[in-house]
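Engineer: Given chain P, put chain R in place with the hints provided.
Protein chains in written order, with my numbering: chain P, 1 to 291; chain R, 1 to 214.
Honestly, the hints are just simulated from the structure, not real lab data. Quick caveat: nothing in here was measured; it's all calculated off a predicted structure. Please note that a few of the clues may not be correct.
[Stated by the list, open to error] Okay, derived cross-link-like pairs now, SDA-like style, lysine to any residue, Cα gap no bigger than 20 Å in a straight line:
id, chain 1, residue 1, chain 2, residue 2
1, P, 116, P, 54
2, R, 112, P, 54
3, P, 84, P, 162
4, R, 131, P, 78
5, P, 84, R, 126
6, R, 131, P, 178
7, R, 207, R, 126
Okay, here's what each chain looks like letter by letter:
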Amino acid sequence: MAFLELKNYRKKFGENEVLKGISVSLEKGEVLAIIGSSGGGKTTLLRCMNFLEMPDEGELYLGGEKLFDAAEKKSYSDAEIREKRLHFGLVFQQFNLFPQYTVFRNITLAQTLLAKQDFKRKKADFAAVCKKAPKAERKKLKAEQKQILAEIKANQKKSIEEKAENLLSRVGLSEKRDSYPYELSGGQQQRVAIARALALNPDILCFDEPTSALDPELTGEVLKVIKGLKSSDSTMIVVTHEMEFAKSVADRVIFIADGVIEEEGTPQEVFENPQSEKTRAFLRKSLEEVF
Amino acid sequence: MFWEIILELSEGFLITCEIFALTLIFALPLGLLVALGAMSRFKPLKAVVKTIVWIVRGTPLMLQIMVIYYGPGLLFGVRGIGNMLAVMIAFILNYACYFSEIYRGGIESISKGQYEAGQVLGMTRSQIFFKVVLLQVVKRILAPMSNEVMTLVKDTSLARIISVIEILFVAETFALQGIIWPLFFTGVYYLLFIGIILTIVFGRLEKKLNYFKV
Numbered sequence: 001m002a003f004l005e006l007k008n009y010r011k012k013f014g015e016n017e018v019l020k021g022i023s024v025s026l027e028k029g030e031v032l033a034i035i036g037s038s039g040g041g042k043t044t045l046l047r048c049m050n051f052l053e054m055p056d057e058g059e060l061y062l063g064g065e066k067l068f069d070a071a072e073k074k075s076y077s078d079a080e081i082r083e084k085r086l087h088f089g090l091v092f093q094q095f096n097l098f099p100q101y102t103v104f105r106n107i108t109l110a111q112t113l114l115a116k117q118d119f120k121r122k123k124a125d126f127a128a129v130c131k132k133a134p135k136a137e138r139k140k141l142k143a144e145q146k147q148i149l150a151e152i153k154a155n156q157k158k159s160i161e162e163k164a165e166n167l168l169s170r171v172g173l174s175e176k177r178d179s180y181p182y183e184l185s186g187g188q189q190q191r192v193a194i195a196r197a198l199a200l201n202p203d204i205l206c207f208d209e210p211t212s213a214l215d216p217e218l219t220g221e222v223l224k225v226i227k228g229l230k231s232s233d234s235t236m237i238v239v240t241h242e243m244e245f246a247k248s249v250a251d252r253v254i255f256i257a258d259g260v261i262e263e264e265g266t267p268q269e270v271f272e273n274p275q276s277e278k279t280r281a282f283l284r285k286s287l288e289e290v291f
Numbered sequence: 001m002f003w004e005i006i007l008e009l010s011e012g013f014l015i016t017c018e019i020f021a022l023t024l025i026f027a028l029p030l031g032l033l034v035a036l037g038a039m040s041r042f043k044p045l046k047a048v049v050k051t052i053v054w055i056v057r058g059t060p061l062m063l064q065i066m067v068i069y070y071g072p073g074l075l076f077g078v079r080g081i082g083n084m085l086a087v088m089i090a091f092i093l094n095y096a097c098y099f100s101e102i103y104r105g106g107i108e109s110i111s112k113g114q115y116e117a118g119q120v121l122g123m124t125r126s127q128i129f130f131k132v133v134l135l136q137v138v139k140r141i142l143a144p145m146s147n148e149v150m151t152l153v154k155d156t157s158l159a160r161i162i163s164v165i166e167i168l169f170v171a172e173t174f175a176l177q178g179i180i181w182p183l184f185f186t187g188v189y190y191l192l193f194i195g196i197i198l199t200i201v202f203g204r205l206e207k208k209l210n211y212f213k214v
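In isolation and in its complexed conformation, chain P is listed as follows (with noise of 0.2 Å):
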């Protein structure tokens, strides 16, 4: 089994079905390509993956177990959605940067408030050995905790701090540590949001049209860092409009039209010797919108 297999994802808003019935494999390592004209369903499958909208019928299978079965949805609580959401970051088309944090909290912030409940989690586990330790140990043993705490606490901060700065450094902007997402062009918002996303050490990341709302100028950048992700060996699923970045950075290519994948294979199978009629024409179509 692959790293990542979903199976049959079918999704309805009202009477209209988005996706009848996809079903994707990816390894490890790899980065998938996601094309098709607008409203064809590639954004709902991207938002389903990240549990932003829940399948009506489907399977996800991730390292080889069994993270989601929409038969079961109705009895996954908050917390384990939250749970589940953590296996894979998004980067919205439209940036979605918290304004009133620094592009620094940005990336820290989630971080910080899961490892919060961590510590709070340790924290009523240490009461709990407290409470069960005989009388006279037990003030012996709560200063022991107490400074065990006071590291994890230090420990935490400190790695979630130099983990924003890798990050930061990694998509080229160490010197806008302490500006606000306001300050910032398209572009450099873009790769502050996808710092963020990596922050979390996400199994796999998802981009949703990244360079969709940025000047044409700037997509140059954001698809950099994204070509620099594969380079060390992230798994991404990258759905896109710029087909020559498709063509260069995938490893594989999903054509989706009306909620059906209608062709899949390497980028040289898909670009080069599309199968399906209607791939051949939304080809055409998008190399026309360039001459």
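Structural biologist: Okay, now just chain R, sitting in the frame of chain P:
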């Protein structure tokens, strides 16, 4: 005589300030609860809250004060509540409803993307609300809120209809004795309060939140 009048006016002004401050302290958080109720996915709660807001916003505050003050005694024959308490209940309820609509507008104006960004980063609903959305809402609603708060200062004068001795009540007693200037003086109190203190406070707040753009 002059200083006695000033002293009495100042006492009245203290009552005015008391109504103002207590209303803000209770109505600001209550308004948020009302707003969340009005946006609730639980339909019965939403319907009840929306109906209450509709009634409160659709009737005069003066009427509400009267109903709360006289209502219990005339309807159920129980001893009514004190006039200050009745005024406070009416003001807090009334302003909570107005605030709630401002909050709701602010909350709904935040783009879905902010919530989704929080979601994909594994945040809980309350984390998203308090850590991501709230400050953006505050920034957006500052201007309409300052309007409401200034109106509140002036609305406190309605308390006099059930004999709460706020500043205008005091000034009127002098006017009935044929002394006109306390009325003008009252105007000065209001002007100082709204025109200087509140304007400065809201100006500061706005400046403080100017470091980011929504």
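Engineer: State for each hint whether it applies.
Structural biologist: Status of the hints after comparison with the structure:
1. P:116 with P:54: violated (28 Å)
2. R:112 with P:54: holds (17 Å)
3. P:84 with P:162: The given pair, whose Cα atoms are some 25 Å apart, is violated under the 20 Å limit.
4. R:131 with P:78: holds (18 Å)
5. P:84 with R:126: holds (18 Å)
6. R:131 with P:178: Satisfied, since the Cα-Cα distance of roughly 18 Å is no more than 20 Å.
7. R:207 with R:126: violated (27 Å)
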